[in-house]
Amino acid sequence: MNNTITKKLKHVERQGIPLIRCLTQCEKNEVLLVDSVNSGGNAKNRLANLGIIPGSKIIKKKIAPLKGPLEIEIKGSKLIIGRGLASKILVKCPKKCQSEI
Amino acid sequence: MKKHKRKHRFKEQFKGCKKKQETKDGRIINIALAGNPNVGKSVIFNQLTGLSQTIGNWPGKTVERMEGHLNFLGHYINIVDLPGIYSLSTYSLEEIVSREYIVSDEVDIIINVVDATNLERNLFLTFQLLELRIPIIIAINQMDILRKRNIELNFEKFEEIFKVPVIPVVAVHGVGVHQLLEEVIELIYHQEFHPHRQEHKTKHWREHQHSFNMKSIYHQLESKTSFKDIYKFPDLSSLLLFGKEIEYKINDLWKQLDNRFINPNQYSYPSRFLALKILENDNEIIKILSKKKENIKIIESAEKFRKELEDYHGEDISTILSSEIYQNINRVLDDLIIIKSKNEIKKETITDILDHITTHSIFGYIILIFVLIGIYLFTFTIGDFLKGLSEDLYNNLSNNIDTDTNLSKILWEGAMGGFFGAVGGVLVYVIPFFLIIEILQDSGYLPRAAFLLDKFMHFLGVHGKTIIPMILGFGCNVPACAGCRIMETEREKKISVALTSLIPCAATMTVVMGLVGRYLGFNYVLILFGINFIVILIVGRILNRIMPGECTELIMEMHEYRAPNTNVIMKQTWIRSKEFIFKSLPIIVIIGILMEVMYIFNALDPVNLVLSPITVLCLGLPAVTGVFLIYGILRKELTVVLLGGLAESMGLVSILELLTPIQMFTFSLVTMLYIPCFATIIIIAKQTNWKYAIQISLMEIFIAILIGSLINWGYYLFTI
Numbered sequence: 711m712n713n714t715i716t717k718k719l720k721h722v723e724r725q726g727i728p729l730i731r732c733l734t735q736c737e738k739n740e741v742l743l744v745d746s747v748n749s750g751g752n753a754k755n756r757l758a759n760l761g762i763i764p765g766s767k768i769i770k771k772k773i774a775p776l777k778g779p780l781e782i783e784i785k786g787s788k789l790i791i792g793r794g795l796a797s798k799i800l801v802k803c804p805k806k807c808q809s810e811i
Numbered sequence: 005m006k007k008h009k010r011k012h013r014f015k016e017q018f019k020g021c022k023k024k025q026e027t028k029d030g031r032i033i034n035i036a037l038a039g040n041p042n043v044g045k046s047v048i049f050n051q052l053t054g055l056s057q058t059i060g061n062w063p064g065k066t067v068e069r070m071e072g073h074l075n076f077l078g079h080y081i082n083i084v085d086l087p088g089i090y091s092l093s094t095y096s097l098e099e100i101v102s103r104e105y106i107v108s109d110e111v112d113i114i115i116n117v118v119d120a121t122n123l124e125r126n127l128f129l130t131f132q133l134l135e136l137r138i139p140i141i142i143a144i145n146q147m148d149i150l151r152k153r154n155i156e157l158n159f160e161k162f163e164e165i166f167k168v169p170v171i172p173v174v175a176v177h178g179v180g181v182h183q184l185l186e187e188v189i190e191l192i193y194h195q196e197f198h199p200h201r202q203e204h205k206t207k208h209w210r211e212h213q214h215s216f217n218m219k220s221i222y223h224q225l226e227s228k229t230s231f232k233d234i235y236k237f238p239d240l241s242s243l244l245l246f247g248k249e250i251e252y253k254i255n256d257l258w259k260q261l262d263n264r265f266i267n268p269n270q271y272s273y274p275s276r277f278l279a280l281k282i283l284e285n286d287n288e289i290i291k292i293l294s295k296k297k298e299n300i301k302i303i304e305s306a307e308k309f310r311k312e313l314e315d316y317h318g319e320d321i322s323t324i325l326s327s328e329i330y331q332n333i334n335r336v337l338d339d340l341i342i343i344k345s346k347n348e349i350k351k352e353t354i355t356d357i358l359d360h361i362t363t364h365s366i367f368g369y370i371i372l373i374f375v376l377i378g379i380y381l382f383t384f385t386i387g388d389f390l391k392g393l394s395e396d397l398y399n400n401l402s403n404n405i406d407t408d409t410n411l412s413k414i415l416w417e418g419a420m421g422g423f424f425g426a427v428g429g430v431l432v433y434v435i436p437f438f439l440i441i442e443i444l445q446d447s448g449y450l451p452r453a454a455f456l457l458d459k460f461m462h463f464l465g466v467h468g469k470t471i472i473p474m475i476l477g478f479g480c481n482v483p484a485c486a487g488c489r490i491m492e493t494e495r496e497k498k499i500s501v502a503l504t505s506l507i508p509c510a511a512t513m514t515v516v517m518g519l520v521g522r523y524l525g526f527n528y529v530l531i532l533f534g535i536n537f538i539v540i541l542i543v544g545r546i547l548n549r550i551m552p553g554e555c556t557e558l559i560m561e562m563h564e565y566r567a568p569n570t571n572v573i574m575k576q577t578w579i580r581s582k583e584f585i586f587k588s589l590p591i592i593v594i595i596g597i598l599m600e601v602m603y604i605f606n607a608l609d610p611v612n613l614v615l616s617p618i619t620v621l622c623l624g625l626p627a628v629t630g631v632f633l634i635y636g637i638l639r640k641e642l643t644v645v646l647l648g649g650l651a652e653s654m655g656l657v658s659i660l661e662l663l664t665p666i667q668m669f670t671f672s673l674v675t676m677l678y679i680p681c682f683a684t685i686i687i688i689a690k691q692t693n694w695k696y697a698i699q700i701s702l703m704e705i706f707i708a709i710l711i712g713s714l715i716n717w718g719y720y721l722f723t724i
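Protein chains in written order, with our numbering: chain A, 711 to 811; chain B, 5 to 724.
These are computed hints drawn from the structure, not numbers from a lab. Treat the hints loosely; a few may be bogus.
Computed, partial: chain A to chain B, Cβ under 10 Å [unchecked claim]:
(1) Leu743
(2) Val747
(3) Asn759
(4) Gly761
(5) Ser766
(6) Pro775
(7) Pro779
(8) Gly786
(9) Gly792
(10) Ala796
Positions of the beta carbon are idealized from the N, C-alpha and C atoms, including for glycine.
I would like the entire structure built from these sequences, with the hints used as guidance.
Given below as structure tokens:
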């Protein structure tokens with residue numbers, strides 16, 4: 711477990727930009743991969759059932775006004791996720807864009 | 005004649021709604037429809053069952069149960085439409101209810117409805133259903149949309165991999181729906197699934213089905229509890245295989261479970277499913293198992309395994325298992341999908357534009373307001389028209405009837421007056437309201453409202469989903485409070501019910517518009533609404549504070565807009581109205597008659613005296629209003645109707661001579677807030693419990709008296 715974290719950190723240092731961000735920070739319509747979901751039990755379970763699992767493609771589609779919930783696209787379906795929960799979903803760039811940097 | 009007789013017997017059989025129903029011609033086949041929300045499950049259900057549907061609740065749960073039956077080529081089929089679910093875990097009550105029902109003896113076959121345009125996510129549930137080892141037919145819906153995108157599915161391959169019948173369906177046009185039933189009969193006849201029979205059976209099914217000797221099968225079935233006991237479930241171990249390290253652990257637990265029981269079926273779940281769920285730390289399953297001492301060892305070893313797996317993967321167990329299932333799905337998906345041409349049509353469709361506007365940061369809110377006004381206008385225009393008709397009918401009838409004697413007065417004015425009051429006052433608004441709500445629900449607008457207002461709803465201690473019952477509340481609080489069942493946790497359900505019961509419904513609007521709107525002007529109506537809104541805010545804040553637990557986050561699917569299906573809407577509206585007519589209306593009519601009778605004999609006059617400290621002292625209203633407010637508990641608009649009647653009987657030109665403007669304002673405000681109507685209180689009690697329903701009622705009475713007194717005394721002091 712520790713090993714993977716240090717690996718990730720090294721990766722981040724090499725690129726000079728944060729490769730792992732939370733979903734609320736990234737741009738609209740950016741194609742990203744889910745890195746991990748850091749919320750507790752039930753919500754995490756539900757998100758996993760809906761396909762938000764490490765490695766799946768995720769696109770942020772819309773943001774509700776006044777810092778409201780996000781609309782994301784995952785596995786071909788659109789989901790609305792409350793902002794608090796969305797900020798616990800960590801995402802990373804897919805490999806393609808990593809090599810571009 | 006014979007047919008008629010049989011039908012009658014069939015109906016009788018259904019009346020009891022027993023676990024195992026038999027007729028002389030054969031046993032009833034029980035089908036459960038399972039699938040994700042919004043995949044067209046209810047459309048298929050409607051296509052299959054027509055109007056022979058009943059809505060009820062699952063025993064002891066607040067989850068809605070839709071049931072219907074049909075006669076298909078002499079076979080009696082009973083269909084239960086399960087609530088839409090994404091998986092068989094225990095995240096929501098719907099999932100627990102569905103899972104328990106599917107493994108119960110009441111189900112012979114599951115029809116799993118799958119959305120073709122979103123196979124990956126939909127198959128997640130299918131994979132879990134396959135683990136339950138129950139006869140299953142997969143219906144792939146919305147094939148027309150998929151074909152428009154130049155994608156086709158390889159159904160032969162599908163059947164080969166899944167080893168169950170897979171039927172393409174276009175539910176809205178009824179394509180393939182019939183074939184689903186044929187497949188059910190065929191599956192029961194053969195007791196197992198043979199692939200590669202597709203062509204031969206679709207062409208000549210009708211001819212050779214008569215040779216099916218179903219009687220022997222039915223006879224065999226009668227000795228068993230369910231069809232699944234004699235069905236030879238195919239070996240799907242290669243399809244459902246998890247990663248090696250997980251599979252090893254599941255097998256270990258499985259063996260431990262099987263060794264324990266002489267009868268491995270005693271929990272009705274298959275042992276492998278049990279093992280999987282223990283490993284997944286599924287509360288419900290563990291609760292069932294831990295009732296027996298010898299199982300505790302298994303649970304302990306599962307805990308150990310779980311820890312090992314979590315350490316190894318660096319993820320929690322639900323994520324690991326979900327990933328594994330999705331991996332399995334992706335492995336087979338490539339074989340199933342045939343992309344005909346790569347240039348996918350990608351232009352902005354009308355639904356995209358609509359979606360964009362309705363979730364826009366400015367236009368979205370404007371449209372939301374228009375939708376709310378639209379609900380009012382629609383319900384009122386149609387409701388008022390129907391109300392006029394029912395009043396005309398009543399008046400015409402009254403003219404011809406002599407109401408001099410006391411008995412005829414009771415019978416006519418009491419019974420018929422009460423009946424027409426209930427029909428003309430409630431029913432005429434409820435039906436158009438159900439209609440507009442069905443349209444809104446079917447078109448897919450409501451999730452957009454939740455999206456726009458989630459932030460605001462968090463302020464009240466609930467998430468955006470609550471806006472759905474609250475919007476319904478503008479029409480009628482009764483179905484709205486029933487709609488609060490969609491909330492996931494008890495805490496959210498309680499807060500939503502309380503807030504929804506404070507929304508001014510169509511009946512309340514009649515009072516406000518009829519008094520304040522008519523005599524004082526529209527500005528004051530807006531002030532009343534403002535006060536109501538602030539009350540909702542404050543109540544929400546307070547409940548958010550005092551309720552234990554935390555506000556959960558919104559997770560909701562935003563499906564695409566679609567043209568509402570007239571057929572489904574009409575049927576749903578009728579079925580919901582029917583439910584209201586037969587279940588709620590009688591109570592309202594009976595109480596209406598009682599009140600009407602008491603009114604005729606002035607039996608409620610002492611009430612005025614008892615209530616006068618509140619009505620006269622606190623609220624500054626005439627003492628007669630006390631009894632009106634009591635009637636208002638039954639139906640809020642009665643307060644203004646009775647007030648008008650009183651003014652008329654006193655020979656006054658308008659209510660203005662009876663009430664001063666400030667009295668009118670207070671009276672409307674109190675009517676708006678003071679208590680949820682009788683039917684709503686019953687629904688609240690059903691959704692939560694009686695204690696909570698009474699608490700809410702008392703709270704609202706307190707709020708109404710408090711604000712009413714403040715306004716009355718404030719005005720009084722101010723003018724002096």
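Glycine 761 of chain A as an interface hint toward chain B, with CB separation required under 10 Å: holds (6 Å)
Minimum beta-carbon distance criterion (10 Å), glycine 792 of chain A to chain B: holds (3 Å)
Given hint valine 747 of chain A near chain B, where the shortest CB pair must fall under 10 Å: Hint holds; valine 747 of chain A Cβ to chain B Cβ min 7 Å, cut 10 Å.
Restraint satisfaction for proline 779 of chain A [CB to CB of chain B, less than 10 Å]: Holds. Min distance 4 Å.
Supplied contact hint for alanine 796 of chain A, tested at 10 Å Cβ to chain B: holds (8 Å)
Supplied contact hint for asparagine 759 of chain A, tested at 10 Å Cβ to chain B: Since the shortest Cβ distance to chain B is 4 Å, the answer is holds.
Residue hint leucine 743 of chain A, partner chain B, criterion CB-CB below 10 Å: Since the shortest Cβ distance to chain B is 13 Å, the answer is violated.
Interface restraint verdict for serine 766 of chain A against chain B (beta-carbon cut-off 10 Å): holds (7 Å)
Proline 775 of chain A as an interface hint toward chain B, with CB separation required under 10 Å: holds (4 Å)
Glycine 786 of chain A as an interface hint toward chain B, with CB separation required under 10 Å: holds (5 Å)
Consistency with the previously given hints fails for number 1 only.
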